[in-house]
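Residue numbers (numbering that gives the first Met the number 0), protein chains in the order written: chain R, 0 to 449; chain H, 0 to 449; chain C, 0 to 449; chain W, 0 to 449.
Keep in mind that the hints are not guaranteed to be accurate.
Simulated DEER-style distance windows between Cβ atoms [stated by the list, open to error]:
1. H:H39 to R:E94: 52 to 58 Å
2. R:D103 to H:G58: 47 to 53 Å
3. W:K405 to R:L421: 55 to 61 Å
4. H:P41 to C:K313: 34 to 40 Å
5. R:G252 to C:K313: 51 to 57 Å
6. H:A440 to R:A107: 31 to 37 Å
7. C:W117 to W:E354: 41 to 47 Å
8. H:D303 to R:R53: 22 to 28 Å
9. W:H372 to C:W117: 24 to 30 Å
10. H:G58 to C:S215: 45 to 51 Å
11. C:P165 to W:A440: 32 to 38 Å
12. H:G58 to R:T350: 54 to 60 Å
13. C:P266 to R:D274: 37 to 43 Å
14. H:H39 to R:R115: 56 to 62 Å
Think of the hints as simulated: they come from the structure by calculation, not from any bench.
Just so it is clear, CB atoms sit at the ideal spot from N, CA and C, and this is done for glycine as well.
Protein chains: 4
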Amino acid sequence: MDELKTAEAPAPSARLLDRLRGAWRDVAGQFGASRGLEPHLPADDAEVLRAQMRECLAGKGGEVSARGRAAELGRSYLALNAEGRGRFLHILADEFGTDPAQVDAAVAVLRSAPDRSWRQDAERALREALESPRIKLLTQFNALPQGVKFLVDMRAELLARAKGDPPLAALEAELRELLAGWFDVGFLELQRITWHSPALILEKFAAYEAVHAVQSWQDLKNRLDSDRRFYAFFHPRMPDEPLIFVEVALVRGMTANISELLDESAPVGDPSRADTAIFYSITSAQRGLAGISFGNFLIKRVADRLGHEFPNLKNFATLSPIPGFRSWLDDKIAAGDALAGALAGRLPGKTPPAESLRPPLMRLCAAYLTSRHEHTRRALDPVAHFHLSNGARLEKLNWLADTSEKGLTQSAGMMANYLYRLDDIDDNHEAYAGQGRIAAASAVRALAKG
Amino acid sequence: MDELKTAEAPAPSARLLDRLRGAWRDVAGQFGASRGLEPHLPADDAEVLRAQMRECLAGKGGEVSARGRAAELGRSYLALNAEGRGRFLHILADEFGTDPAQVDAAVAVLRSAPDRSWRQDAERALREALESPRIKLLTQFNALPQGVKFLVDMRAELLARAKGDPPLAALEAELRELLAGWFDVGFLELQRITWHSPALILEKFAAYEAVHAVQSWQDLKNRLDSDRRFYAFFHPRMPDEPLIFVEVALVRGMTANISELLDESAPVGDPSRADTAIFYSITSAQRGLAGISFGNFLIKRVADRLGHEFPNLKNFATLSPIPGFRSWLDDKIAAGDALAGALAGRLPGKTPPAESLRPPLMRLCAAYLTSRHEHTRRALDPVAHFHLSNGARLEKLNWLADTSEKGLTQSAGMMANYLYRLDDIDDNHEAYAGQGRIAAASAVRALAKG
Amino acid sequence: MDELKTAEAPAPSARLLDRLRGAWRDVAGQFGASRGLEPHLPADDAEVLRAQMRECLAGKGGEVSARGRAAELGRSYLALNAEGRGRFLHILADEFGTDPAQVDAAVAVLRSAPDRSWRQDAERALREALESPRIKLLTQFNALPQGVKFLVDMRAELLARAKGDPPLAALEAELRELLAGWFDVGFLELQRITWHSPALILEKFAAYEAVHAVQSWQDLKNRLDSDRRFYAFFHPRMPDEPLIFVEVALVRGMTANISELLDESAPVGDPSRADTAIFYSITSAQRGLAGISFGNFLIKRVADRLGHEFPNLKNFATLSPIPGFRSWLDDKIAAGDALAGALAGRLPGKTPPAESLRPPLMRLCAAYLTSRHEHTRRALDPVAHFHLSNGARLEKLNWLADTSEKGLTQSAGMMANYLYRLDDIDDNHEAYAGQGRIAAASAVRALAKG
Amino acid sequence: MDELKTAEAPAPSARLLDRLRGAWRDVAGQFGASRGLEPHLPADDAEVLRAQMRECLAGKGGEVSARGRAAELGRSYLALNAEGRGRFLHILADEFGTDPAQVDAAVAVLRSAPDRSWRQDAERALREALESPRIKLLTQFNALPQGVKFLVDMRAELLARAKGDPPLAALEAELRELLAGWFDVGFLELQRITWHSPALILEKFAAYEAVHAVQSWQDLKNRLDSDRRFYAFFHPRMPDEPLIFVEVALVRGMTANISELLDESAPVGDPSRADTAIFYSITSAQRGLAGISFGNFLIKRVADRLGHEFPNLKNFATLSPIPGFRSWLDDKIAAGDALAGALAGRLPGKTPPAESLRPPLMRLCAAYLTSRHEHTRRALDPVAHFHLSNGARLEKLNWLADTSEKGLTQSAGMMANYLYRLDDIDDNHEAYAGQGRIAAASAVRALAKG
């Protein structure tokens, strides 16, 4: 999807990198000039790098100096090209992991602990032995301007390289643990975004929005109008970088069509008279935080806040894409499914499907959305899985709801509403997580059965 | 000391507790009414508590509900008396630690790992097994208002109880690891405090100041005057609670007497003409963060900032207490030391010592400050140890520098200046940390030799 | 009173004046060194001053330079003693007024204007001729740091000197017109004050509070507790100086006794359950703004805001002093009034009156509060006049309501509640302003009749 | 021009008007429903309006109610069309001016004043009589949200209608006096604008920029880069509306070509190494404040601030358009001037002039820029007049400096640098204002002589 797939973060411009390097040069300044490594990091330069890393860890001169050296090391990394970065990361992964001898020794102590009290001391020592030097080194970046963002982006780079590369995968996993601690939802700040927000921030939303692409500043302004709400989570050490954000329309009745919401010329509604909050876009903005979940919290905290601000709101629902339907359908057709087979060759690519296709498509889509993987017991559709595991209910299927090229390609133009009903969230979550039971309105259920 | 001994945090008033419980009641509200435990936590109530803790961990209904239950559990804790809290903490310590079977199994997998890649996966699994349920449970408090402060205070309570109680000591150690991650200096915010700062915050400085007690609001205002600087570290999730703070006077020449600085009627100097910044008080405000050090960072960052603001500043030095001198001297006398023995019975308690005692006292004090423990190789005096390990140099010893009762009792009225010279910090730190060499001005050295 | 009598602003400390002069020296710096006048402004120095004033007005070098010269002139004024300031003000008053010839010429043009259009041009020219040079000069102070406060304080000084000195009275009147324009209520900012407010600001409230003196920071903190509200008006160019402020208690029922509200150990109420907002203190903080009224606006805006925040509030009332009762009563006794005469010699000074005196005192006080001056038709009591002209109603008289020395001396310990009922405010105001009719509850009316 | 001609404020959208009317409806709400006038204000509705105005002035029910009625009146105005507004303004102008009888009476008192003291009282009374009811009425708008902006826009409307309409001209003049007092430069706030500023504000700069039109958000971002500075004046009661703003480039050497500065792909310079600040655009944003000057202050305050921030800056200069050159040249040609005549028919419209035309064009332009009106003694060119009266010097003439269509049309592509040298500003200003002497570099002078 969309609500799960993280936005493709725009590549940082050369100008931005220049500035970041500049800022870190100031921090590093007093600790000796940069060594000017070659971008692809040939063997000699790699040796220089190893020395830098060891110095960072040696902590010579106290922690303040150490952070200066971290800035220097960061500058080295940023100046490398893709090949050089691969080498940099492998040096970290191959040579700065835990010390097996130390771990084994701690394990030996643990195994021979005579009682519970000794054992607890031994566990503590073992935890310490299991914390790798590279993580201690990377932690030092949190004190640098943009240092936390640097680590988040480094993890994004690791994720892209980890497949089939166990050392990088191990480094990636350790970095994930570190970031998961820092980005625990308790430390995040929920901010309302408006047209009064800094242009710098709004520009990022436009770049990151992954569900319904932002067409222009005017489009963005429309999404911040008085009958809309726009919320994002931020981390105190990454104040200019949204982590995840949600766009909400305050309307009367359940919105069945996304173009109504994106139409800049539509009249502005009166939010105090709205009875329904439609969450029509939710985007994770940081690839480097994949697998660290905030979406669940964001939706519930926003719903809670809106409920207080607008006592007339009765329903909290999404208007969501159905990203996996068309490829599932194609598989179905290929597999010779009877019902699906009738559609073979009749589905246009970039124009809305004919009205005559509505009954079979709606039925198949309802069936798709209420189906689970046999093994994982998860809903087949990733967006469905996201909302169902949050405790929402599949409420309604909408025909010709998103006739953009993307909407037609993904789901033949259909979209779904998921309903968040406070009283049912816990039970729905339990039933889905425990027995894989999918909460769906009876109309959807009936539709699926044909 | 003082610069190491953490302030005795004032006991929270009943009114404050009422409010905190109130705030948490609102969070907990939707998750069922409080069970109203007895303050001393009899067996039946302990059973209720165990159930609460298990529910928190079960995560039923998603993480949002879990945090609501954490608020409920926190309210239970706050309503207990000392006896009840002891029981509460022991339940956590005895019953919610790591699962030995799970740890042993992870150890077994690690020991049989056939190669490095398997081994890294096994280490990751072992790290996970070593993270106790109680730490997962306590982590949930970070999302509550004042929740981080709650954990800091809980650790203070554990520290007070841990001696001779291995289970609580183990819990304390785990909580320390958790807090050390959260309070990594990279996440802290350096704030300048002025008379424009909120009364709420200033009130806390007055309560926490441990080196030179604040006598009145007028005294505090004097310390915030235009020829002074006052800086503190804060954590984003504890915005109203200073972690550590330092008071600086901008003067000409090295201040030798604390009363000059505390005299409210003294004329205000012109900071732009000052050549010396005197750090005359540094206080750790949170007992529950003992052992997690920021003082080193605070001094260096403040020195850096002042150096930029006032280019005329040439020296950065402290005017510090010598908290351990008198008790060392008494031990010396008791042990029959010749030089010290001459002072036996001649040291007044609450009046300044006679001028005739100046030579032997100065000599003995210089000797004390330049002495180390045989084993730890640390300076005997804790304040000396703190500054020497930061890379400062013992610069000067001052006679009749603090004639308050406390000053006379601790150090016969003497105080010391430690000098922070940017160029020497690294070498001094190295020499002290490595070989235990104490950096001292030649005059002090000569004094010590008599 | 109190609600009308402006607070005695604390004399600015010498230290503050030093700073202000310092700041202005920086502004003035580039325009030549200060001339160092003698504090009592002898004739020679007066000549220097005249030249400074003329230069300010000449506007040589553009307006920026002119403001630099204004800063210089302000520094001269601040360095003068009482005698010197008198001379300074008289130079302004005697020599920098309007130019009679210019005014007369403009009048002549007006009188001969042949039609309405000419006449309007002539009026415009006349308005310009009537704006004195001294006002143009003083206007330049608004660009200086603290410059607006400087003018406000200068008017306070003029008010103190104007009686029997027509030139200073004329200058005072012109300055009043200038300030009335700047301090039009549309430009003021309503701020809520809490324990989070800057100490600098809170210190001023403590100094200015004129109705119930602030005893300590603890007393002030009590007035900012969660069952209280504290609001003040500020001007954007005097951000650290409150203009007027009001203290409100959120209670159940009409408070009849001030000590309940000032008792720091009283339990904190739940504001969401309050049905009554008691305005128990309202103080004008700037003597130099006497006669420019904001109190009316402050009370109504605060009532409006509280009504939105606490929908359960039903009544908005004051608990007010009765400052003029005792002196009225003494006059009555001296004049041989029968009822009052019975009290002659029976009213204690500093102890609460005996219960036996309750009926006659209550009756007389009710009579006093419902009486008007024959000519002005205003209520005799200044606080009564203030609230009645705002449209409030005299609601209740309270026995032993303020037994502080001040309360006993002013009003034999009695206080009054005035009720603000939104629906009646306009009619009450009209009736009072038009026919001098005093709105009072029937019980008070009955009491007055005996 | 440009630096004097005020930006054409964009017409407010219908949506904005809707909101403003909505906000005022809330204020007006409690004072009775809107009467729904016809847009063109027929006679009956005009009668309703008169009654509204009279009620506003009657002040019935206190000032708070009066402001509610002002909101109601403002809503009436906003709902009118051009015809209706003309009638609205004429009612104000014709029927709510000063009372001639009252003015005449005050004049009579003044003329018969026996001494200075009486005279001063009479002047005060006359000033009061000369303040028209309509100004009292309009003043009430300052308390409404956007009320000050409402008056500024009303003056813009009056300016457009005043020519040949003496009553509206008189009303306009009075409103100008009122606004001049409120917008005295001492009350304005200088703000630095960056890419962190609210989008709402940046959008307005893009709309208002009158010298070099903003092409896109990217163009605007370029003007806010780290080697640029962007400052604006704001009024506290119009926080979202810039009054005037200036764009500055920090460069090495005197910039001779505007396209260098507007090129988004040009490399970013290092501002700390710049020696020259080029003021390349200055725009007044509010037509309704025409004739109330801030530009002078803005340039000098910004120069002062930059000088402190960047001690390496040595020159403060503009790169300015020459808006009147081409029309002056055409007049010259038409009048048969010999030198100019040689250019007749050889000046292309929209393409840069040939190199062969450089000598005569540069010579003629230098002559133009150093010429004055015979009567007013002002420089012929309005931009030249603006900078010369600020004390700047005409420093350099630049060939092919602005080859945009506008640049070619106005000045055959030439631009001028004006130099602000702190030491000479006062003398230059004096010489220009007093004797009309134009400060120009000798090279420009030589050029003009040919």
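Against the structure, the hints come out as follows:
For H:H39 paired with R:E94, a C-beta distance near 56 Å keeps the hint of 52 to 58 Å intact. Against the hinted window of 47 to 53 Å, the Cβ-Cβ separation of R:D103 and H:G58 comes to about 34 Å, which falls outside the hint. For W:K405 and R:L421, the hinted distance range of 55 to 61 Å is satisfied, since their beta carbons lie about 60 Å from each other. Checked against the hint of 34 to 40 Å, the pair H:P41 and C:K313 fails, with Cβ atoms roughly 46 Å apart.
The hinted range of 51 to 57 Å is not satisfied by R:G252 and C:K313, whose Cβ atoms lie roughly 37 Å apart. Roughly 49 Å separates the CB atoms of H:A440 and R:A107, a value that falls outside the hinted 31 to 37 Å. Hint check: C:W117 to W:E354, Cβ distance near 58 Å, so the stated range 41 to 47 Å is violated. The hint said 22 to 28 Å for the Cβ distance between H:D303 and R:R53, and at roughly 26 Å that hint holds.
At roughly 28 Å, the beta carbons of W:H372 and C:W117 sit within the given window of 24 to 30 Å. For H:G58 paired with C:S215, a C-beta distance near 49 Å keeps the hint of 45 to 51 Å intact. Taking 32 to 38 Å as the suggested C-beta distance range, the pair C:P165 and W:A440 does not conform, at roughly 56 Å. At about 47 Å, the beta-carbon gap between H:G58 and R:T350 misses the expected band of 54 to 60 Å.
Taking 37 to 43 Å as the suggested C-beta distance range, the pair C:P266 and R:D274 conforms, at roughly 41 Å. Taking 56 to 62 Å as the suggested C-beta distance range, the pair H:H39 and R:R115 does not conform, at roughly 26 Å.
Checked against the numbered hints given earlier, this structure breaks hints 2, 4, 5, 6, 7, 11, 12 and 14; the rest are met.
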